[in-house]
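Asks: Each chain, letter by letter, is given below.
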Amino acid sequence: MATRKKKKAGGAVYIVDGSRTPFLKVTGTPGPFLASDLAVAASRPLLARQPFEISALDEVIVGCVMPTPDEVNIARIIALRLGCDQHLPAWTVQRNCASGLQALDCAYQNIKDGRSDLVLAGGAESMSHAPVLLNDKMVGWLGEWTGAKKLAQKIKTLGKLRGVHLKPIIGLLRGLSDPVIGLSMGQTAENLAYRFGISREAMDAFAVDSHKRLAAAQEGGYFNDEIEALYDSRGKSYQQDNGVRADSSVEKLAKLRPVFDRKFGKVTAGNSAQITDGAAMLLLASEYAVEKYGLKVMGRIIDSEWAGLDPAQMGLGPAHAMAPILKRQKMAVSDIDYWEINEAFATQVLACVEAWQDAEYCKNELGLKEPPGKIDHTRLNIDGGGVSLGHPVGASGARIVLHLLNILERNDAQHGMASLCIGGGQGGAMLVTREKG
Amino acid sequence: MAMAENRHWRTERDADGIAWLHFDMADTSTNVLSVETIAEFDAQLRDIESNPPEGLVILSDKASGFIAGADIKGFTSMESAEQAAEFMRGMHTILNRLESFSFPTVSLISGFCLGGGLELALATRYRIADEDPKTRLGLPEVRLGIHPGFGGTVRAPRLVGAPTAMDMMLSGRTLSARAAKKVGLIDHAVPERQLLRAAKMMIAEAPAAHRPGRLARLSNHSLVRPLLAKYLKRTVAKKANPGHYPAPYAMIDLWCRHFDNPNKMYVEEARSVAALVVGDAAQNLIRVFFLQEEMKALGRKNRFHAERVHVVGAGVMGGDIAAWCALRGLQVTLQDQSPERIAPAMKRAHALFKKKLRQPRLVQAAMDRLMPDVKGLGVERADVIIEAIFENTEAKQNLYRALEPRMKPTALLTTNTSSIPLEVLSEALEEPKRLVGLHFFNPVARMQLVEIVKGKQTSQSIANQAAAFARQIDRLPLPVKSSPGFLVNRILMPYLLEAVVLESEGVRPELIDKAATDFGMPMGPIELADTVGLDICLAVAETLAESLEVEVPAKLRSMVSAGDLGRKSGKGFYSYSKGKPEKAKTEGASMAADLTDRMMFRMLNEAMACLRERVVDSDDLLDAGVIFGTGFAPFRGGPMHYIHTSGHQSMKDKIDQLSAQYGNRFKPDAAWDRL
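Top to bottom, those sequences are chains A and B.
For the first sequence, position 93 (counting from the first letter as 1) is numbered 93 according to our numbering, and the numbering increases by one without interruption.
For our numbering, add 1000 to where a residue sits in the second sequence, where the first one is 1.
None of these hints come from the bench; they were simulated from the model.
Heads up, some of the hints might be wrong.
Unchecked claim - Below, a list of computed lysine-lysine pairs in the DSSO-like style, where the Cα atoms sit at most 30 Å apart:
no.: 1; chain 1: B; residue 1: LYS1354; chain 2: A; residue 2: LYS236
no.: 2; chain 1: B; residue 1: LYS1264; chain 2: B; residue 2: LYS1354
no.: 3; chain 1: B; residue 1: LYS1555; chain 2: B; residue 2: LYS1578
no.: 4; chain 1: B; residue 1: LYS1408; chain 2: A; residue 2: LYS296
no.: 5; chain 1: B; residue 1: LYS1375; chain 2: B; residue 2: LYS1347
no.: 6; chain 1: A; residue 1: LYS236; chain 2: B; residue 2: LYS1571
no.: 7; chain 1: A; residue 1: LYS25; chain 2: B; residue 2: LYS1354
Keep in mind it's a predicted model, so treat the numbers as computed, not measured.
Chain B on its own, in the form it takes in the complex (with noise of 0.2 Å):
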């Protein structure tokens, strides 16, 4: 390609004959790599290699990082196969030219160095990283169900040894500078004071590039790798199944065969990458981040800041949502009726802050924001109330009567009320139009959707800047209307329902479990239920039961009745020793043709309606809120986009078999004709 405008990227040279490629993308904040802007790049090294530096330094000009990764949207949606690879091959061909430059090349990165970004520096002799938290290092390809396909696979186990690079690949995790320095993935974690004079003295006096340790290298030798390979597919395979997510398999299989060969194993990597990428598993799981970003977006709408939250209730719900707020560094009030009922609640709260932020002086900080406070004191000042108390209409009204004279004019009045109407509860408000549902999942800490629940009485205003308040906690808002069950409650609890009936019909909880998780389920839903609470289901399937005509099965009722909750009580459905349900194993054992069927068409069933009845705006959006409350299999894209690819007609002809054979509760809604 002649030598484009310098449109994204620009070189410098100093007085020390350094050049300093900077990279900073046209139009937008995050630089990432698109045909466009790896063209230009291949321009910019052709340029700076046809007249030798002393030096080169790649660096990024964006506040957010140094490259954020491919260009997914324009990846993605190659036409075929065939270009895709042909687009990582180009790709390869101008990283081996920068990895052969005979003067030394130094990525200096600050912020995210994720994906092929982070494959880019790979390609140069040294890695220099800022040492802030904000810095970030990874290949998280897996995630989006395709690997690294810019020589990534070929270059992380050769600098840093298979166990480390195959670690880092398969679960997609990213490292933090410190920790990238550790394992050898970059040369130095220094202070921002001294990126620019490291990257030169690493110029200056050029040591030898990293190699990894003895043991590191013996893990890539040709008579390791089938045995490591072997015990990588085993680990890989408690959490994926291969069938639902081929790429981890691919890429333990890339390494195994063509290690010793790098040039074919950049052909094979991008052979591989591209059957991938064009796959289902891939497309969907694609499809999930857009969906991700789709509710990021929602959050935007509206520039609601807060500082202050004060939490009402200091449960299992109302503790951990303090906690969290205050791991993401707001200043928090956690209110309950007495120092005992907020104490437990503490308690898990240092826990959560020791497992995400180790330090010890990030951790006391973290408690530092989070205030007890059983006088509710902090209902002044809060910008965010949020109501956790128990589900009782008058207290809740109750409670709103004592707070909205005692708020800002400003503040958000929330509750995480999973089951009584915000119309009914904002009538002991002067304002009504104020309170709005800000619906969590346990647990707090893992489940990043938040139900954003818009009542007949909410302005859009408050609720878009309850939206902008999710994200600002780094939580996905799906705005969701305020009828029984909301989203994610409501589509699930036919499911669970569903699957206790199968129960009682006699077929064992094991094999229940593991049809759904065949189907792509994170958790059975006997372990579901049992997980939640077997008393919790109830009061939740009971309070749907009333206005959806489910019918609530017996054998939930007589097990609660006799003290059977699930795993707080040690027996549930399953027996429980140390908080993990005793499983009868399950080979062998054979399944009812339609089991999965039975629990999935309840799901969708309800999913149709829930798309009549407008509780969720859009198709999407339904999909996004089940794949991310529920953990619907990602892999799939959600319930409606599942109805779509399996053919909406023979879907359509199972429900009616099902309705048929086991009557009213299959009875097909009124939307699946009209959609």
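This is chain A alone, in the form it adopts within the complex (with noise of 0.2 Å):
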């Protein structure tokens, strides 16, 4: 650990590296990689190329909504396999679709705080590895089953038995719904296409879109730095995300069937995000920890926030989340030089696009005098996102954190925003600079 006896509060918070897994898109089996797995082979190279030992370290902080069983606090898990010393401590964090974001924002507050100096904080998800579960009347029968002592009464309770005790109960559905309101995340998306008046042609649009700049980003070589190979036992090995359609186009689009509003809706699986597994790590580092090991800085972080809003809009987060920063930074739409708002749904990133140029929607529900404006389309999500590379739940936020800082260097650019909408109904957003502090 970076000694001081006194840890100095109040300083910048830098991000230092980064790296991420391929974003795997999900088959319907479970896919070669746990979380854990997919955490630690992101951040084994990561670690491996800073000049200062795995030791140094003073905490670990991942964020992971659905880790499987045998990984419950899945961040000294991965800490522990990475090899980090027993006495650093880690923790995960659980923010629905941010959680990577929260696990970036814990560590921020941390840093500057001043009790830690540096942290390696990210997301990791596996979805294809969502544990399915049994339903409660088979639980009770099990019991039932473990009482019965004697072959007359296990007789009788196998009796018992009945086909609906064996419905599963499927972990990924039910995560992907909001048991308070009782809709799922693609309903709420068709409440802001209702809302906003977003039509099917404008969302597959947005997705065909997501996958030509994903192509043409992957063609220029932008995931080189970010991006580590992932090896499976099978001897493959894995080094791109592989959701991308390069030949999207908005006929085919066009030919899918809505899937949440089943016949008379407008999200299909084509313009929503897809179900993958990935990971993102990221290093944190005080200014301290920059000069004591003469550390590359990639990028600062300014400020967070976070919102709460209807669940049933829960899309509209990012537009609850990133207005108070732009308030409290005292600037405007204009000044951010690229954004990225995570995709989960093409027509949740549309409305928020849409809210912020609403007055009435401003004053009402964000109580801004003026919206802010239009953010461009060309510089929001311009190498594409959970609609082409999908959106591993857990690891999303990281992601787009870092991928938002290669954008900024790429185009010799100072500012970002990346911001989530959160299934519950709620928004999460970082305004990160290229700028020291």
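Join the two chains into one complex using the hints; note that each chain is given alone, in its own frame.
Replies: What follows is the structure in structure tokens.
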């Protein structure tokens, strides 16, 4: 650990480096990697290229929504698997779709408060390993079965077993539904399309753009410094996000049927985020650590914000979380060079853009006298997003911040805003800059 | 014997009246059963018996384990079979007394419990072992050409049934505590924190001693034994030729004939072991054991200890070396030009870890220690760098130029080259003395030997560090001079080439291979060439041909250019289906009288040349290298030992004769006359 008796509070907080795995589309069967495998694969090369020893870390913070039963407090598991010292504390955070951003925010706060100097933080999700659970009836039956000591009792208990006992609970589907309001995430997206009059064509066009942008970015090698290859135990390597469809078109997408509001809805699998496995891990450092180890800096965190809103409109979370940051930092939309708004649904990103141009919405829902204005589509998710490369829920927040910093560097730009909507009706946002603090 | 001073054993009685008999052999870190420690053990038992305790617990004070076995040096240097038999009879009496104590007796085992050590433990009523992986129980005597002689052949089948006991004793393999518990060899496998408590509770509760299941008991029945014995012999015959390795057969016979009469069986056990131990096979195998110890000692000359290893080149050798290092607990980075090149190595590593470690959590930990590293991030922190790229001087030199400035000043730079002189490779370095060869053999996970290649420019201290590293990853270091083929390939190649010549003369490959395996080689030379790959054989042969005046048979060239590369291409000297050679039956076919000699004398002659050129430092090391590097018939004790025991002069006569008949390639090396 960076040994300082008393750490200085209030200094700048830097993001010094980061790596992620390729995002791998879920094919219906459990993928080759658990969430901890993914985080370890992203973190090993990240740590190996640092000038400091792994023992210099102060803590590990990881966001993950659905770890497997063997990955409780997954951050600690990841830390130990990485060979971190047993004295190194590690903790897991969960704020649904923004868990990765939450991990960065916690690291940011702890460094700002002077509690830590060097933190490994990020997010990991293996949605293909989301748990499938027994229902309560089955659990009850199993209890009875275990309690039955005599053969006669066992036979009697066996006779009580019915088909309904065997109906599993699909963790992934439950996770993507809001139990309070009884809507799936896709249905909340339909709400936004209804409210802002977003057409099926507009959504599909956005989705096609997402794929084309990702394909162009892959072609341009824009992920070369960001992605670390994955290797499975069967002799295969994975080097790129595999959800991309370079040949995607509005015509093709138009053929897909709506999946959440069947028949009459507009939200389809084609204009929603893909279900994927992936991890993104970043290194955050205090001014002290940057100087001590001579670290190269990717950027600095200026501000972060969390907001709550109607769960049935959860997709507008970014509009709610980003607004207070601009206000606090006395910045206008035009001061932000690039935006990364996580694409849970094409319509949800479009709705956020609409909301910031809607005077009534801004006044009533955001308490703004003036709408902030339009976010330029050419500065938003310029290398694709969840629709094309997927949204491993715990990891996306960390990925968009990492990639935003890479975009800023590539374009020699300064300010970037990353934001996500969060199931349950929340939004999270983080403002970063390449300017020195 | 009168009560001696307590140098090795110590008895303590606790408040519960339990006697705790501690074994802590003086002046050594490992407990063994020698004449002296056994005598003292006897005295302690008599003392304990004269004032019977509530129970007796036998335990070790050594960190290394319970008892590693009998004192091999003392035992094998006994003057006569009679003396050896008497020694074992003495131990039988002692252990029989221990077995008949009226109070409960417990062996408390943590760490190694092997051979005579396990036989002692089998004489107590209960056995409790630490479940830690360091605990290993077994009766490996067969590896030394003998079998258990302290009553193990009687007690082991009785305790766990013949199939389990025979499997243990015939294979010599050792069991973990959990596996031992499963087969009934021990009563409990417990974590260290419960060892003492478990021993006390066993004594307080005194349950009935373990009995094997019905089926296991049946296996010892006098009507079943002859059938089972026949089956066992057939199984053993697949691995060990009775003419070469008599011990397993003696053991099966002993059990089959005498199991119903334990007292007789003890007598016969001692007689059988005594006869075996003075025989050639056992004496040579024991010699091999000590040669192995000698190589291990070479790794102790330097205290070098690595934590991180960086391997460049993820081919078969590089990838497997990296996996082996990770298996042995090191942090490993594996570099190659692209993920596609590394991925197959990760697959093989996973298969290796799964086979060796079994538990998923351990497999995962090993995989976590092995990092694919296309960018070469591991170089700066590595303690050892192993270069295993393709055999090209310029490519290797360029790599060294790039590596040297990035390496830690204390890091070892090693190469797995098998054909390029280190003196040449090291020209690319600022500090040529730091380059040393670590020549592994394929398959890495099975071949224990590593040639430590010292170029003229290599410093002795660096070579010693490399040897220490070899020991750290549980390989046997053999220091060799940097000359073409080093030791193993150089000795092997003329033998392989002679086999190819024989084949081109029209001798069937099956017969050639049979001649070699009859001699005691683990695999025939033709099948070996096919397995290694004929292209690789040709490449090695051509490198050696330049400097050693070996002629490369035309047949080898034509096969390689035809694309018949051996097992990997599906066709070589044999045709392969599912990786197995299709061999015709050899029964009844006649063999030329000098078939074996032609192959072996090419090898022996080359061994002479190696000694003359001082490729290795001694006859012993040559024998050790050839046995562990090629599998050369261990029961013959190695090439040099084989020459000496066969009679130097008669061997010289034979090679003169071969030379007269077949010409220059059998020209006796000058060393034949000198030695």
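Asks: Against this structure, judge whether each hint is valid.
Replies: Status of the hints after comparison with the structure:
no., hint, in the structure
1, B:LYS1354 to A:LYS236, "holds (17 Å)"
2, B:LYS1264 to B:LYS1354, "violated (45 Å)"
3, B:LYS1555 to B:LYS1578, "holds (25 Å)"
4, B:LYS1408 to A:LYS296, "holds (22 Å)"
5, B:LYS1375 to B:LYS1347, "holds (20 Å)"
6, A:LYS236 to B:LYS1571, "holds (28 Å)"
7, A:LYS25 to B:LYS1354, "holds (27 Å)"
The structure shown violates just one earlier hint, number 2.
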